[in-house]
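Single-letter residue listing:
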Amino acid sequence: MSLPQKVDVLVIGGGPAGSMAATALAQKGIDVALIDKQHHPRETVGESILPSAWKYFDLLGVSEAVAKNFVRKAGGVVVWGDQISEIAFKDFGYTRPGMHVERDEFDDLLLRNAAAKGVGVFEGYRAEAFTPGDNPVVTVVDEAGQRREIACRQFIDTTGQAALVGRQLGGRRLNADFRFVALWGYFENSRYFSAGGVARDFGEIPQHPPLTFVTRLGGWGWSWHIPMKKVTSVGLVIPVEDYKREFAEHPSLDAYFLSRCRATPHLGRLLANAHMVNGGTRMMRDFSYGCDHISGPGFLVAGDAAGFIDPIFSIGVVFALYAGNLAAWATQRILANPAQAANTRLVFETQLKGRAELAYALALPGVERDATTAARQSFDYFSQAEKELTWSAASMTTRSQNVVRAAGGAEGAAGIRRRDLATLRYA
Amino acid sequence: MDTYETIAAWLGHLPTAPHSLAPDTALIEDGILDSIEILNLVAFIEERFAVVLPVDAFIPENFATPAAVAALVVTLTSAVPA
Ligand SMILES: Cc1cc2nc3c(=O)[nH]c(=O)nc-3n(C[C@H](O)[C@H](O)[C@H](O)COP(=O)(O)OP(=O)(O)OC[C@H]3O[C@@H](n4cnc5c(N)ncnc54)[C@H](O)[C@@H]3O)c2cc1C
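Chains as they are written, first to last, in numbering that gives the first Met the number 0: chain A, 0 to 426; chain B, 0 to 81.
Bear in mind the hints are in silico, worked out from the structure with no lab data behind them.
Predicted model only: the values in this text are computed from it and were never measured.
Errors might be hidden in some of the hints.
[To be verified] Pair by pair, the computed Cβ-Cβ distance ranges are: (1) B:H18 x A:D253: 56 to 64 Å; (2) B:A78 x A:E104: 16 to 24 Å; (3) A:D369 x B:A78: 27 to 35 Å; (4) A:Q82 x B:S77: 49 to 57 Å; (5) B:H18 x A:G407: 31 to 39 Å; (6) A:P337 x B:S77: 21 to 29 Å.
Ideal placement from N, C-alpha and C gives every residue a C-beta, glycine not left out.
Throw the hints in and build the complete structure from the sequences for me.
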């Protein structure tokens with residue numbers, strides 16, 4: 000199959016947002032092609048997935064494959080200053096777990112599923128530019144450097160942090176409230192925490208599901224520890240200023256990353272017999288931003304391409320799936336009723352921006368700012384279980400007041416289901 | 000079928016729906032209508048009642064209960080075109 004010159008919908012980028020959007024459209028019988036500049040499986044960060052993802056997995060028809068291929072997590076354990084606390088998804092009525100996934104494999108699974116459901120998938124094609132309008136045109140470059148044009152009726156930008164639309168039209172703004180650097184790497188043979196804050200050997204994962212483990216670093220920095228099938232993803236999210244000062248004292252990024260990990264209480268202990276594999280330390284900065292243009296004549300923008308706030312609540316993938324599905328719905332509504340395209344784009348924008356503003360209001364570190372009306376409405380689309388999970392998770396990193404503001408002042412103390420632990424237990 | 004019954008019948012087919020759906024069943028709070036199903040519901044309403052939801056109709060209050068959804072539809076179908 001070769002890249003078409005003409006297609007009803009072109010989806011650009013094959014991460015979770017793109018696969019979700021393209022598959023949902025194909026399932027409705029719409030002619031859709033997806034291009035990605037890379038070949039999957041390809042590496043990307045973001046391995047901890049919340050249980051609210053299952054409804055999207057069900058819709059895509061991948062729930063069985065996801066359950067079979069990845070590690071289930073029972074909840075999370077957080078050390079924030081003197082406070083050690085644990086939450087378990089089942090306490091909120093969730094019947095299915097969260098997941099820890101190798102993103103190369105996970106994204107590949109979603110993309111192969113898209114192809115199986117009728118999406119034309121083309122890897123090794125990079126979108127370079129686009130002309131918006133009633134019949135938008137996207138310029139695509141193949142790996143030999145050859146350019147060609149694809150005409151479509153609508154396209155969806157799901158290019159992740161590359162943000163095709165945001166960069167071409169401008170208005171991609173870095174978020175001054177989240178000036179962090181993320182450093183991460185992959186470890187073999189790390190120990191991990193299971194229910195009750197009990198440290199276990201890596202090999203015990205099948206019998207004792209892991210918790211995602213988070214510790215505070217300094218004021219608002221933090222670390223993640225995500226055990227997967229073969230390796231454990233460990234990351235540090237550090238204020239830019241601290242990073243600059245501390246890194247200068249080390250000979251290399253690996254040396255800095257490893258010494259910072261090993262010096263962190265509990266994290267260092269879990270890593271005592273572990274070693275870093277898969278090519279050393281990864282780094283990312285300026286990952287927090289928003290875009291002024293998330294829709295326009297002939298296009299919608301979804302997933303990280305529309306903006307990304309902060310990884311503290313592990314909502315990236317779920318948000319990308321939500322946005323991908325919303326974009327599919329809006330695209331279908333535009334194709335079916337072009338006269339109402341402007342109304343549909345406005346609906347898409349308000350819903351997506353509300354979610355983004357909510358994510359921002361919840362994650363804000365140590366800043367008191369009222370949640371916007373749109374953020375509050377987005378919170379009210381949550382079920383009681385989802386609200387209580389959000390509240391409880393936020394309380395573990397002293398962000399409960401953020402949720403109070405998102406809930407329009409309502410105190411949710413009754414819904415906070417968190418177990419405080421006196422200590423973490425090492426055998 | 001009147002508007003309410005049409006809406007209730009659609010909601011009743013959701014896998015998350017309880018055995019008996021009352022006009023004041025908490026659809027969002029109880030997790031019966033999630034972010035996916037709300038969009039499906041809007042698509043159904045627009046096709047079945049030949050209306051287009053304006054942007055300000057997309058608020059959680061309008062989907063909170065079967066009665067609220069039916070009231071929204073009644074408002075839209077009885078609106079006089081400008
Ligand atoms: C430090 C950090 C930690 C995180 N941790 C978590 C976590 O634990 N849990 C979680 O849920 N989320 C996490 N996230 C967020 C998560 O990584 C993202 O939200 C998610 O991957 C977004 O998916 P997406 O589909 O929008 O984009 P991506 O997954 O980035 O996919 C974009 C795709 O577009 C392709 N592409 C780019 N440009 C072009 C182009 N011009 N033409 C064609 N193709 C193109 C790329 O090759 C890529 O495959 C984290 C983020 C950061 C920064």
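Right, here's what the structure says about each hint:
Between H18 of chain B and D253 of chain A, the C-beta spacing of about 59 Å keeps the proposed range 56 to 64 Å intact. Checking the proposed 16 to 24 Å range against A78 of chain B and E104 of chain A shows it is violated: the Cβ atoms sit about 50 Å from each other. Between D369 of chain A and A78 of chain B the beta carbon distance is about 33 Å. The supplied range of 27 to 35 Å therefore holds. At roughly 55 Å, the beta carbons of Q82 of chain A and S77 of chain B sit within the given window of 49 to 57 Å.
As the Cβ distance of H18 of chain B to G407 of chain A is approximately 32 Å, the hint placing it in 31 to 39 Å holds. Under the hint 21 to 29 Å, the C-beta atoms of P337 of chain A and S77 of chain B, about 26 Å apart, fit the expected range.
Of the numbered hints listed earlier, the single one contradicted by the structure is hint 2.
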